[in-house]
Amino acid sequence: MMWLVAGGALFAYAGMLGLCQGLERHYKHVWNHACPVALGKVLRGVGWLALLASLWLCAQAWGWAMGPVAWFAMLSLAGLLLVMLLPYWPRLAVGLVAALPLWGLLQWINCLAPG
Amino acid sequence: MKNSFTQSMAWLHTWAGLIFGWLLFAIFVTGTLAVFDKELNHWMQPEIPATPVSQAAAAHRAIAYLQAHEPQAGNWGVSLPTERSPGLRVSTGDRRHGGGVQLDPGTGEAIAVRDSVGGNFFFRFHFTLDLPRNWGIFVVGALALVMLAALVTGIVIHKKIFKEFFTFRPDKGQRSWLDFHNASAVLLLPFHLMITYTGLVIFMLIYIPAGVDALFAGDNRAYFQAQGNTRLEQPRGLSKQPAEMVDVAPLLAQAEARLGPIAGFNIRNPNTAGARIEIRPELGNRIALSKGQAMVFDGVSGQLLSDVSEWRAAPLTQRVMVGLHFAQFGGYPMRWLYFVCGVISCVMIASGLVLFCVKRGRKYAAAEVPGHRWYRLAEVCNVGFVAGLLLACVGLLWASRLLPVELAGRGAWEVRAFFGLWLLALLHAGIRPARQAWVEQLGLAALLCIGLVAFGGLDDGLRLAVAACALVLGVLLGLVAWRVQRAQPTARKVRSGRRVEVEA
Chain A
1 MMWLVAGGAL FAYAGMLGLC QGLERHYKHV WNHACPVALG KVLRGVGWLA
51 LLASLWLCAQ AWGWAMGPVA WFAMLSLAGL LLVMLLPYWP RLAVGLVAAL
101 PLWGLLQWIN CLAPG
Chain B
1001 MKNSFTQSMA WLHTWAGLIF GWLLFAIFVT GTLAVFDKEL NHWMQPEIPA
1051 TPVSQAAAAH RAIAYLQAHE PQAGNWGVSL PTERSPGLRV STGDRRHGGG
1101 VQLDPGTGEA IAVRDSVGGN FFFRFHFTLD LPRNWGIFVV GALALVMLAA
1151 LVTGIVIHKK IFKEFFTFRP DKGQRSWLDF HNASAVLLLP FHLMITYTGL
1201 VIFMLIYIPA GVDALFAGDN RAYFQAQGNT RLEQPRGLSK QPAEMVDVAP
1251 LLAQAEARLG PIAGFNIRNP NTAGARIEIR PELGNRIALS KGQAMVFDGV
1301 SGQLLSDVSE WRAAPLTQRV MVGLHFAQFG GYPMRWLYFV CGVISCVMIA
1351 SGLVLFCVKR GRKYAAAEVP GHRWYRLAEV CNVGFVAGLL LACVGLLWAS
1401 RLLPVELAGR GAWEVRAFFG LWLLALLHAG IRPARQAWVE QLGLAALLCI
1451 GLVAFGGLDD GLRLAVAACA LVLGVLLGLV AWRVQRAQPT ARKVRSGRRV
1501 EVEA
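The listed protein sequences derive, respectively, from chains A and B.
The first sequence maps to residues 1 to 115 in my numbering.
The second sequence maps to residues 1001 to 1504 in my numbering.
The following block holds chain B by itself, in its conformation from the complex (with noise of 0.2 angstroms):
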């Protein structure tokens, strides 16, 4: 039946493609929404002013409020204000566990903000699909090697790669779809193939724990210390003596020095003679993934106790990998640059499911030929794993604007506003015709895009900016929208109309 390699490569690329494309394609949407996951923090959070505040001027507000509320606490830990997230939070308890005061870093008062998922939501369900932690990571885990999967099959399928480097043909239905999906998965292939390499490195361990099984017995902690990150041990007796606490300020300005622009800092046992402040860089300074750096000191003396690991080898790859992936290095533009080619990977996967469709609509549109109720269960999905889903993501940002601030468990309600949403997608896509259904939603979801504009905060950089993304992304899925709808009349027509889509 699939006589020659190249058909059975093709065989596959067609279907799992189609099967795992829509949860890769909800995997690389938000995805790419989390490379500004700080700035969607921000921005769902308007209570948080903007006020442009040296980090040395809030770290003082931040230690004076912990010292009148928490002076008996084992642990501060400070988030400083930075480029991307003006915010000033305090805490007592480990950082990851999230919690915490948030304080006006110009005057240092607590402030009451919205209990938020924010941009977080969109990074947590990009490598879990929001189900449990390892759960999650495993089901990511095999969606990405699915992703190499295609690609590789891709490759192998597609023949004229380098003759076809260049081509893009349009209005001609499913040519014009074939080539949009050939140029955009080709021209891209480098970012593509690392993008999806990478994030099957991050999580190495837990996918492949038989090395560390081996001559670790299993236990991380011991590997991560064999490879240089060992942790200075914490002096028992000292950190029952009260002492006065060293100025923090210099201290910042040396980390700065060494390590580029500063996170945060944590002081364990403050006010002790065992007083100890971390200063953690912000992850961008150099390509490697520098989580869980830090450099430090005694809090009572100043002196520096012990500087950042340097990673052996293979560490040092696995963390430039883990780097390229999280995209936090080389500023802004980076940043840019891989929000965009995100973007044009999540369009490159649409365009494949749309693909599968437009192939085999004269084949299968009549409703008596058999396989149509297949044919017609690909098409709901595709309307609500792609549209759906977009409407999905700009609910969430609706969603953390509209509750009631005072609702309690507010983040959980916002992310049930979001699945809400997609659920209601999916039944609302099988109940219209496809066409239709494409324009309500797409429709729908530009018209939110560009509504979050109305929500103000505009007099603040960061929140202008995600205000004028949502706006031209807005604007861009209206564009395909309309030419969808106004493409109908004839169904080749409606085909190339919604070539736009794929430039959006």
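Just chain A, with the same shape it has in the complex (with noise of 0.2 angstroms):
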């Protein structure tokens, strides 16, 4: 349950970066130049894609039923991180993303363990 939570939250996170940098504004502010247009539209894309993960998992997690709630929950919170952590480290910001595949990489070694 934990690992499912744990990648709820990462997806949440993930998405809500993803829609934040498909923005002009925001992805400007991180790189300091303007963004391709495919490009937002590939991190937009991704963005709904990596919120749609998240309720999946939730709803591994906890059921159709109160999935949802948490992953309202889970939206709100990882969106609220990022947008505190976004005007003081906008790179640490984006980064953290780079604990999905981590998450996926020891989700991988807990399959294979116990076959």
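Since the hints were derived computationally from the structure, they do not count as laboratory data.
If a hint is listed, it holds; no wrong ones were tucked in.
Cβ pair distances, simulated, as ranges:
{"id": "1", "chain 1": "A", "residue 1": "W89", "chain 2": "B", "residue 2": "L1145", "range": "35 to 45 angstroms"}
{"id": "2", "chain 1": "B", "residue 1": "R1486", "chain 2": "A", "residue 2": "G95", "range": "25 to 35 angstroms"}
{"id": "3", "chain 1": "B", "residue 1": "R1376", "chain 2": "A", "residue 2": "H33", "range": "43 to 53 angstroms"}
{"id": "4", "chain 1": "A", "residue 1": "G95", "chain 2": "B", "residue 2": "C1469", "range": "23 to 33 angstroms"}
{"id": "5", "chain 1": "B", "residue 1": "I1155", "chain 2": "A", "residue 2": "A38", "range": "32 to 42 angstroms"}
{"id": "6", "chain 1": "B", "residue 1": "L1145", "chain 2": "A", "residue 2": "P68", "range": "23 to 33 angstroms"}
{"id": "7", "chain 1": "A", "residue 1": "W89", "chain 2": "B", "residue 2": "R1360", "range": "25 to 35 angstroms"}
Even glycine gets a Cβ: it sits at the ideal position worked out from N, Cα and C.
Hints are included, so try docking the two chains, each in its own frame, into the full complex.
Here it is in structure tokens:
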């Protein structure tokens, strides 16, 4: 359960980050140059997909009745965390998404271990 | 004067937010603390051991104790040890009227436990403000309506909801306060709306009794029975004949398989042929709040007499909404999500209150300006109702440990300590310059939070978690106090300095 919860939270953060970086002004704030139009679209698309992945993981952890409740809370909190980090440590705010592949790796090892 | 729709909405948001925000902050803080009410109960009663015991063993010990001490009672109530509340309590009255005896779940001996209001105080204050119950419910209901109005007017006057969705500009004084107020309100809008609306739904029959008045002549009990909450009739004759009772352990296992974790049970007419065993589930096995539900077994044969009732659509809807508010479902991860969301709500309200003063600071700061006195009143109330309430809350925890154990009416004294501290904080805010008052009260609250660790009990998982959480909150509060203090020299910097508070 804890793995699913952590995954849900990470995907929620990644999703919010994608939506945020898909916007001209926030992209420029982090990278100091304008965002290519195509990249912006990709970031927003991937962001929405990550949010859906988060919903799916929450539902796996809690079931489809409680899962969406937790999902909303995770979206809100992930968004606020991102908003608070961005002005102070913009690169860190983006870099946190690296926890996601790490989580994936650990999940993968977890899957292999018992078998 | 207020010539456009948006302007009148802004007027309403500002003034309703200020005047009612002080009490709304108190309601949100105590509600947030009440998420961990049982854990706080456990912390505030250090005599209760936390030995892991199976529920079946604890149930046997409870029944043995009641057999020895209360064989003639008409009703036995037993609260079993659970994940969140490791105590074992037995009583002979109705469960909700409190009382009862605390047993050591490991030995079944009665233990002397200090009288404490516990985390239940925060829960009760959250919906009554410690007023007489029905008065309190009406006042809090009215405040919830104001909160809804503030949310809706806030949405109307915040024109750039999506454009500034991810925007926070620190160190810019008033702009930063507004940014934070907006970001915390918008990003958590689902939570704010849900918690406020479902809060109103809990007491819908008290707030809008017309339907039950018209259809059931005002008889709430008749309404609930019509919705499927029927109670079994008690067998009168059989309850006079003595009889041997069935072992409760297999019944507990059967109920657990059906309902999930069990909170406790009642035995009506124990030791008679009419004995009934009612087994209650924990509240959090599903979203809908299952308060009042139980599986009923025959106390002699062990036969299942009635299963938990299925709700019809309307009561089920209400139960689900109430359950969403009570946050009993989904285990600890969900509880933490609710807690953190609650903390952000509190800070959102506090940032709005501070914003009111920051916005007017330059205009009214000088004593000779007309209106200065009102500005000063708002400032004093801000300190006293925000920092002062936090002081009072942590002060209650200190009182629960420091007051003499044998003091008569000890619980009432704890409550007096809470309100006494709050009053002192208001007076202190009245005689100190606002910034100094913020620093001193927030600093003291931080020290008191951190100091909770010194009361020990750290070998027990639940108490350790309470202490650790208090430590983290204390450090955050200390950080806020430090930022306010450090940013003192120029007025402009102070405002940005207090921004940390909003992160806390």
